Amino acid sequence: MREKTDGELVSAALQGQTQAFGVLVTRYMRPGYLVALSVTGNPEDAEDVSQEAFLVALKRLEDCRDPERFGGWFLTIVRNRARNLLRREHLRRGEELTPEFFPGPGGPAEDLKQLEIREQLAIGLEGLSEVRREVLLLHDLEGWKHREIAVRLGIPDGTVRSHLHFARKHLRDRLGAFHGSAPSGEES
Amino acid sequence: MSDLDDRRQLEPLDPGSEDPGFWIRFHGRVMAQARDELARRQMAGEWSIAEVVFQWRKILVPVTLLAATLAGIFVVGQEEPVPPLSPIALEEALVEGLAGESIPTVLGRTAELDEVAFLTSAGGF
Chain E
471 MREKTDGELV
481 SAALQGQTQA
491 FGVLVTRYMR
501 PGYLVALSVT
511 GNPEDAEDVS
521 QEAFLVALKR
531 LEDCRDPERF
541 GGWFLTIVRN
551 RARNLLRREH
561 LRRGEELTPE
571 FFPGPGGPAE
581 DLKQLEIREQ
591 LAIGLEGLSE
601 VRREVLLLHD
611 LEGWKHREIA
621 VRLGIPDGTV
631 RSHLHFARKH
641 LRDRLGAFHG
651 SAPSGEES
Chain G
458 MSDLDDRRQL
468 EPLDPGSEDP
478 GFWIRFHGRV
488 MAQARDELAR
498 RQMAGEWSIA
508 EVVFQWRKIL
518 VPVTLLAATL
528 AGIFVVGQEE
538 PVPPLSPIAL
548 EEALVEGLAG
558 ESIPTVLGRT
568 AELDEVAFLT
578 SAGGF
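As they're listed, the protein sequences go chains E and G.
When you read off a place in the first sequence, starting at 1, and then add 470, the result is the number in the working numbering.
When you read off a place in the second sequence, starting at 1, and then add 457, the result is the number in the working numbering.
The following block holds chain E by itself, in its conformation from the complex:
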């Protein structure tokens, strides 16, 4: 059976069809979380922000001018809300506007080595720009293609490839340094 397009699901959700909205949530909950994580660096904040963003999107669904591009529109809501949260947090603490990556909660059986890898990963991501983190996570964790990322983030296809290349190199260097190789840092 053919998968419904975002446009079809948005039209049904506009009429209050729970199932259609549920499919949109399934389709974009992980990308939403990853974009929020790219901005805030905090798994708990990313969860809250991406969850709230779905409700905001549902309430403002009429504002989605091109329902076929719901994904890009929704990720913009996530990004803006995550930035606002980060701004509020840093204003409250009087710090600079940079995300501080938390390794996130580990499983009960996680050993010390695993915890260190998670910490190194968090440090590695901190050294990347927000857009590079987004591209890296959407490509390598969510499995989106270059073209899908380009359309949904509103950047050229070649730029996506370039961001992904540098982000991967940076992370390999960081984790390589942790494993004993020489690091090189992120190129800009």
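For the record, the hints were derived by calculation from the structure and aren't laboratory data.
Careful, some of the hints might be misleading.
[Unchecked claim] Example chain E residues on the side facing chain G (calculated, C-beta under 7 Å, incomplete):
| hint | residue |
| --- | --- |
| 1 | L528 |
| 2 | K529 |
| 3 | C534 |
| 4 | R588 |
Note that the structure is predicted; figures quoted are calculated from it, not measured.
Positions of the beta carbon are idealized from the N, C-alpha and C atoms, including for glycine.
Model the placement of chain G on the given structure of chain E, informed by the hints.
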């Protein structure tokens, strides 16, 4: 390092990798919070009686007009051609069944009579 390795090293960032029920719970929470808004949209989408009538009117009016036009064309097509009335035939039709004389006859004969005589002869009194 391969693409697969790149992916694998990022896995700890996915909350679902450590907690398989994470995304199911996430989905459930979003849907629970969206329930009121979805219900509101459903209510707004349901038609009132007036809206149903209005929707029917949109269909009924053009269909009725079309049916009336077709019926008119059909009736006109079925009618026998009527010969045009000549002035003489019209005059005869006007005076047919009238008792006494027709107005033109009265006028023609009694041009010099007064009004009372004219009306009397025309059967006005």
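Could you check the structure against the hints above and give me the numbers of any it violates, in ascending order? Checked against the structure, the only hint that fails is number 3, while the rest are satisfied.
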